[in-house]
Each structure stands twice: as C-alpha cells, then as structure tokens.
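Chains as they are written, first to last, in the working numbering: chain A, 1 to 321; chain B, 322 to 619.
Derived from the structure by calculation, the hints contain no laboratory data.
Any given hint might turn out to be false.
Claimed, not checked - In silico SDA-like links for lysine to any residue, alpha-carbon gap of 25 Å or less: (1) K588/B to D22/A; (2) K588/B to L79/A; (3) K588/B to S82/A; (4) K588/B to A76/A; (5) K588/B to Y135/A.
Please read these numbers as outputs of a predicted model, since none were measured by experiment.
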Amino acid sequence: MPIATPGTPGDGPGVTMAVGIDLHQMFGLHFMVNAYRAGTIVAVVAGAVGWFMVLRRQSFAGHTLAVVSFPGAAGAVWLGLSATVGYFAGSIAAAVVIALVPRSSSGRAHSQESAVIGTVQAFALACGVLFVSLYGGFLDGVTGPLFGTFLGISDGQVVTLGAAAVVVLAVLAALGRPLFFATVDADVAGGRRVPVRGLSVAFLLLLGCTAAEVSQITGALLVFALLVMPAAAAQQLTARPAVSFLVTIGLAVAVTWLSLGAAFFSVYPVGFYVSTFGFTVYVAAAGWRALSERMQARPPRRSPAPSAPPSGAPSGLTAGA
Amino acid sequence: MMALPLPGLTAATGLLTELSQMFDQPFLRAAFIAGTCIALAAGLVGYVVVLRGQVFSGDALSHVAFTGALAALAFGVDLRLGLYGGCVAFAIVMAALGRRANADDTVIGSVFAWILGLGALFLSIFTTTQSGTGASGGNAGVNVLFGSILGLSTGQALVDGAVALAVVAAFTVIGRPLVFASLDETVATARGVPVRLVGYVFFILLGVTVGVATQAVGALLLLGLLAAPAGASQRLSSRPFVALWLSAALAVFSMWAGLTLAYLAPKMPPSFGILAVATGVYLATVAVPGVLAVVSRR
Numbered sequence: 001m002p003i004a005t006p007g008t009p010g011d012g013p014g015v016t017m018a019v020g021i022d023l024h025q026m027f028g029l030h031f032m033v034n035a036y037r038a039g040t041i042v043a044v045v046a047g048a049v050g051w052f053m054v055l056r057r058q059s060f061a062g063h064t065l066a067v068v069s070f071p072g073a074a075g076a077v078w079l080g081l082s083a084t085v086g087y088f089a090g091s092i093a094a095a096v097v098i099a100l101v102p103r104s105s106s107g108r109a110h111s112q113e114s115a116v117i118g119t120v121q122a123f124a125l126a127c128g129v130l131f132v133s134l135y136g137g138f139l140d141g142v143t144g145p146l147f148g149t150f151l152g153i154s155d156g157q158v159v160t161l162g163a164a165a166v167v168v169l170a171v172l173a174a175l176g177r178p179l180f181f182a183t184v185d186a187d188v189a190g191g192r193r194v195p196v197r198g199l200s201v202a203f204l205l206l207l208g209c210t211a212a213e214v215s216q217i218t219g220a221l222l223v224f225a226l227l228v229m230p231a232a233a234a235q236q237l238t239a240r241p242a243v244s245f246l247v248t249i250g251l252a253v254a255v256t257w258l259s260l261g262a263a264f265f266s267v268y269p270v271g272f273y274v275s276t277f278g279f280t281v282y283v284a285a286a287g288w289r290a291l292s293e294r295m296q297a298r299p300p301r302r303s304p305a306p307s308a309p310p311s312g313a314p315s316g317l318t319a320g321a
Numbered sequence: 322m323m324a325l326p327l328p329g330l331t332a333a334t335g336l337l338t339e340l341s342q343m344f345d346q347p348f349l350r351a352a353f354i355a356g357t358c359i360a361l362a363a364g365l366v367g368y369v370v371v372l373r374g375q376v377f378s379g380d381a382l383s384h385v386a387f388t389g390a391l392a393a394l395a396f397g398v399d400l401r402l403g404l405y406g407g408c409v410a411f412a413i414v415m416a417a418l419g420r421r422a423n424a425d426d427t428v429i430g431s432v433f434a435w436i437l438g439l440g441a442l443f444l445s446i447f448t449t450t451q452s453g454t455g456a457s458g459g460n461a462g463v464n465v466l467f468g469s470i471l472g473l474s475t476g477q478a479l480v481d482g483a484v485a486l487a488v489v490a491a492f493t494v495i496g497r498p499l500v501f502a503s504l505d506e507t508v509a510t511a512r513g514v515p516v517r518l519v520g521y522v523f524f525i526l527l528g529v530t531v532g533v534a535t536q537a538v539g540a541l542l543l544l545g546l547l548a549a550p551a552g553a554s555q556r557l558s559s560r561p562f563v564a565l566w567l568s569a570a571l572a573v574f575s576m577w578a579g580l581t582l583a584y585l586a587p588k589m590p591p592s593f594g595i596l597a598v599a600t601g602v603y604l605a606t607v608a609v610p611g612v613l614a615v616v617s618r619r
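Input sequences plus hints: build the corresponding full structure.
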C-alpha cells in the first residue's frame with residue numbers, strides 16, 4: 001500500500017527513516033495531541049463497555065446505537081449546535097427507545113423485531129442525509145461523521161469526552177459485578193434478587209454513551225471495529241474474565257494509537273485503519289487460539305510440527321467461530 | 322357542476338397542474354420507471370427477508386454493495402461490475418453459512434465491519450485520484466451511499482428496470498417453494514422442496530436486488546426499502562401470499578409518493594422522501610390498529 005506518495009499535493013507529512021523525528025513532529029501539532037488524548041479516552045471506554053457487550057451478545061444493538069448518532073450529529077450541526085451534543089443526544093435517545101421495546105424471541109415476534117431494527121436504522125440514516133443536505137455541505141459533511149475524522153478535535157471536545165468517559169466508567173465500576181453475574185446466568189441472578197431488567201436498561205444507556213464517544217473517532221459506521229474486535233480478540237486469548245477485560249482495553253488503546261499515527265502519515269481515513277488493525281488483531285488471536293488448541297490436543301505423537309505463524313490464520317477463523 | 326372559487330381549491334388545482342407537469346421532466350420519467358421496478362423487486366424479496374428474520378443479511382450485503390461499487394470506481398472499472406459482482410459473491414457466501422450468519426455473531430460482524438472500512442479506503446483513493454475530474458468524481462461516493470435516483474439517464478433507468486423485473490420474474494417462479502421453505506423448513510424438506518437450492522437462488526436474488534437498489538436509494542438506505550414495507554404488510558395480513566404482494570404494493574407506493582415529495586420539495590433528497598413514506602406506512606400499521614381498538618372500546 002502506498003503510504004503518502006510524496007508527489008501528491010495535500011498529503012500528510014510522509015514517513016521518513018527517522019521515526020523519532022517524525023513522531024516529534026507529529027506531537028508538535030496541537031490537533032494531533034488532542035486526537036491522541038481523545039482517542040485514548042475513547043479506546044478505554046470502548047474496551048471496557050465493549051467487553052460486556054460481546055459477553056452479552058448485544059453487538060447489533062451497539063451498531064444500531066452508533067448509526068443513530070449520525071443523524072444526531074448532522075442535525076446538531078444543522079441547528080448550529082456542537083456535533084458532540086448531537087452524537088450523545090442521538091445515541092442516548094435510541095438507547096432509551098430500544099430499552100423500552102420489550103424483547104421477545106418467539107418466531108413471528110422475532111421477525112417483526114428485525115423489521116423494526118432495519119427500518120429504524122435506514123430511517124435514521126435518511127434523516128442524517130436530509131440534515132446534511134439542508135445544512136449545505138455534502139461530501140465532507142457525510143464522510144467525516146460516517147467514516148471517522150481526527151482533525152480539529154478541540155480542547156473542549158476532549159474535556160467533554162473525558163467527562164462522559166469518567167461517568168460511564170464510574171457507573172460501570174459500580175454495576176460491574178452484578179452486571180457480570182446477570183449476564184453469565186440471568187436465571188440464578190434473578191433468583192438472588194439481582195435486578196436483571198434494570199441492569200439491562202442501565203447497560204443499554206452506557207452502551208449509547210459509548211457508541212456516541214466512539215463514533216466521534218471511528219465514524220458512525222465503523223464503531224463495531226473498536227467496540228467489538230478488541231473484546232472478541234481478548235476472549236479468544238484467555239478465558240479468565242479479569243485478564244481478558246484488561247487485555248481488551250490494552251488492545252483497544254493500541255489499535256487506536258496505531259491507527260491515528262497511520263492516518264496522520266497517510267491520506268486514508270482513520271476508520272479504515274481502525275477496522276483493519278482491529279480485524280488483524282482479531283484474526284491473529286483466533287489463529288493463536290486454534291494453534292494452541294491443536295498443539296494441546298495431540299502432544300505425544302511427535303515433536304510439535306513446524307506450523308504457520310499466528311498471522312496466517314484463515315483456518316483459525318472458522319475454528320474460532 | 323360549477324367549480325366554486327374557494328382558496329383551498331385554487332391551491333389544490335395549482336398543485337395538480339404542478340403534478341401534471343411532473344412527467345414532462347425526462348429525469349423524473351426515468352426515476353419513475355426504474356424506481357417502480359426496483360421497489361417491486363425490493364418489496365417481494367424484502368418480505369421473504371423479514372419472514373426469515375434475516376434483515377441483518379440485507380444490512381451486511383449493503384456494506385458489500387458500498388465497498389464493491391467503490392472498489393470498481395477506485396480501479397477505474399464500471400461501477401456496476403463491482404456492485405453486482407460483490408453482492409452476488411457475498412450473497413452466495415451468506416447462503417452457504419445459512420442460519421449460522423446471525424446478527425450478534427462477532428465473527429460475521431467483524432468481517433462486515435472490516436469490509437466497510439475497506440470501502441472507506443476505496444472512497445478516499447477514488448476521491449484523491451479522481452479529484453481532477455471535477456465535482457462528479459467526489460459525488461460518486463455519496464451517490465453510492467445515499468442513492469441518486471434523479472440522476473439516472475433514461476438508458477440506465479431502462480437497464481435497472483430490466484434487472485429488477487428479471488428478479489421479479491425469477492421470484493414468481495420460486496416464490497411458492499421459497500415462502501414454504503421459509504415458514505417451515507422441516508415440513509418443506511419432507512414434502513420434497515429442494516430447500517438448499519431454493520435458499521441459494523433466494524440469496525442470489527437478494528444480492529441482485531441490493532445491487533440494483535443501491536443505485537436508487539443508496540447502500541445505506543436500501544435496508545429500509547427491504548424491511549419497512551415487508552414489516553408493514555406482515556402486520557396487515559397473516560396470509561403469506563397476500564402479505565407478499567401487499568409488501569410489493571406498499572414498496573411501490575412508497576417509491577411513488579417519495580419521488581413526488583422530492584419533486585415538490587427540491588431541497589429534500591429523494592432517498593429521504595422514499596424512506597420517510599416507507600417508515601410512515603410502517604408506523605401507521607403499528608398505530609392505527611391501536612387507535613381503532615381504543616375508539617371501538619368507547
């Protein structure tokens with residue numbers, strides 16, 4: 001892949017051999033420092049909430065909440081408000097709506113529910129287009145909120161992201177143990193008087209806040225990359241909850257840092273890098289797990305066969321599924 | 322009877338003359354031709370998608386549509402090659418995965434999120450390499466995402482209409498076994514319906530429908546054209562074949578009404594008009610029975 005060919009005008013600064021100087025140059029720019037601050041905050045929250053989301057199998061709900069943040073942001077810009085407000089308003093409102101609709105899994109009701117989700121998603125995006133076209137600017141106005149942007153994150157936005165992150169993490173810390181209990185075994189938890197339904201509503205609200213935060217870095221359509229992929233990778237690597245929780249956060253932060261750097265030194269959108277690095281991490285983790293399981297399954301027959309490195313792992317994908 | 326000079330009536334006749342002039346515009350004629358056929362196909366295929374509870378697969382295929390179309394543009398090939406090629410190829414993969422492909426599966430979700438990320442890459446390659454060709458270069462990406470039904474030429478509209486009508490024709494052939502297999506797979510298998518084959522044909526039809534609908538309402542919004550009329554018709558009738566054709570009729574109605582709205586309010590993107598009517602129809606099927614129940618209780 002060509003990284004910032006020097007001939008094209010309007011590129012990033014380009015990568016030279018002296019990485020240290022390049023990094024120094026990058027962090028000399030205030031907007032990049034802000035991008036890294038915001039990215040780190042978002043990655044920690046995404047890792048923590050995403051871990052629970054994958055455990056609870058609610059990743060499609062997370063996707064929907066993120067999609068709804070796009071009309072929120074576009075509408076806020078059209079009305080002359082800050083886009084950040086719009087992201088949060090859209091996602092949290094959608095979380096309330098989803099929490100209010102009763103869940104059912106019987107055949108006919110299930111098919112109605114999927115029709116509702118599809119309609120809501122498409123209509124939300126259509127509203128986003130309407131707001132953007134009413135506002136005037138079209139191309140930049142659409143691709144930024146959808147596929148992520150890291151330019152022009154203000155100090156105030158970093159503070160807002162940080163404050164929301166502190167609230168989300170504090171609530172998550174308070175609810176963590178009962179939420180884990182209710183997720184792993186809802187029946188037993190209900191029997192022990194854990195408020196399962198209340199926890200599920202509270203978690204959806206947390207998820208809405210998180211989707212709004214992540215949307216501002218990866219774009220509304222690629223939230224999945226930061227919310228799901230690190231958690232899914234960590235749960236491939238270890239079965240111990242506390243360890244995989246920490247690994248998730250670590251992976252999310254690493255993916256975000258790498259992506260911001262790569263996006264700075266090239267012309268391609270940050271959302272592409274986040275989804276690619278996240279997916280690579282996930283495939284590598286699934287491959288490593290498949291490899292280690294195979295080696296444990298039949299150790300005594302012969303000495304461990306020389307096998308492919310963990311990155312060559314399309315077979316691991318199916319084994320991990 | 323003589324017409325009275327009422328102010329409401331003059332406004333109404335003004336609207337009528339404006340509407341009668343609507344079809345003088347060649348681009349609107351093209352949009353109505355293509356839109357009607359596309360809506361017909363989307364309504365029929367969408368009903369089965371909803372019946373099988375596989376709206377998610379429509380969502381996944383729309384991601385592929387976006388990436389396929391932009392990959393074709395980025396490599397300088399005809400957009401429709403990437404669009405149909407990508408959609409049909411992935412539709413076959415989804416059919417092979419069968420019921421394992423569900424929405425909350427992290428593997429499937431991650432793969433499709435990555436595909437969308439690739440689409441963002443192709444969009445940016447395309448916009449940076451084609452920026453010299455003027456505004457049309459940059460707008461192509463937005464058109465793939467949100468549709469450009471008013472931008473179709475008459476020739477394109479006829480091709481799209483023909484593709485959509487081919488889907489409708491194929492659907493009338495496999496419709497009966499398909500609905501049977503979707504309602505009850507076990508019984509259908511026992512009665513000798515080739516369930517697997519029917520499933521593959523259905524997914525290919527879905528892929529083609531997604532491809533053709535992408536050009537009308539856009540990759541991101543076609544999910545609504547698949548899901549909303551189907552969800553509404555499912556609420557209105559519990560007889561599968563009545564609901565099937567009702568879904569197609571509601572989709573065509575949404576298309577016509579949406580295009581008319583977009584014509585009357587030029588600032589409104591036509592895709593929004595179509596989606597707004599479709600969503601409104603769905604909401605009406607949810608709300609009206611409830612209101613009627615409350616009224617009849619009094």
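Going through the hints against the structure:
At roughly 46 Å between alpha-carbon atoms, K588/B and D22/A are farther apart than 25 Å, so this suggested pair is violated. A threshold of 25 Å between alpha carbons decides the hint, and for K588/B with L79/A the separation of about 16 Å falls inside it, so the pair holds. Note on K588/B and S82/A: the hinted pairing holds, with a Cα-Cα distance of about 23 Å set against a maximum of 25 Å. For a cut-off of 25 Å, the pair hint linking K588/B to A76/A stands: about 18 Å separates their Cα positions.
The suggested pairing of K588/B with Y135/A holds, with an alpha-carbon distance near 10 Å, which does not exceed 25 Å.
When each numbered hint is compared with the structure, a violation occurs for hint 1 only.
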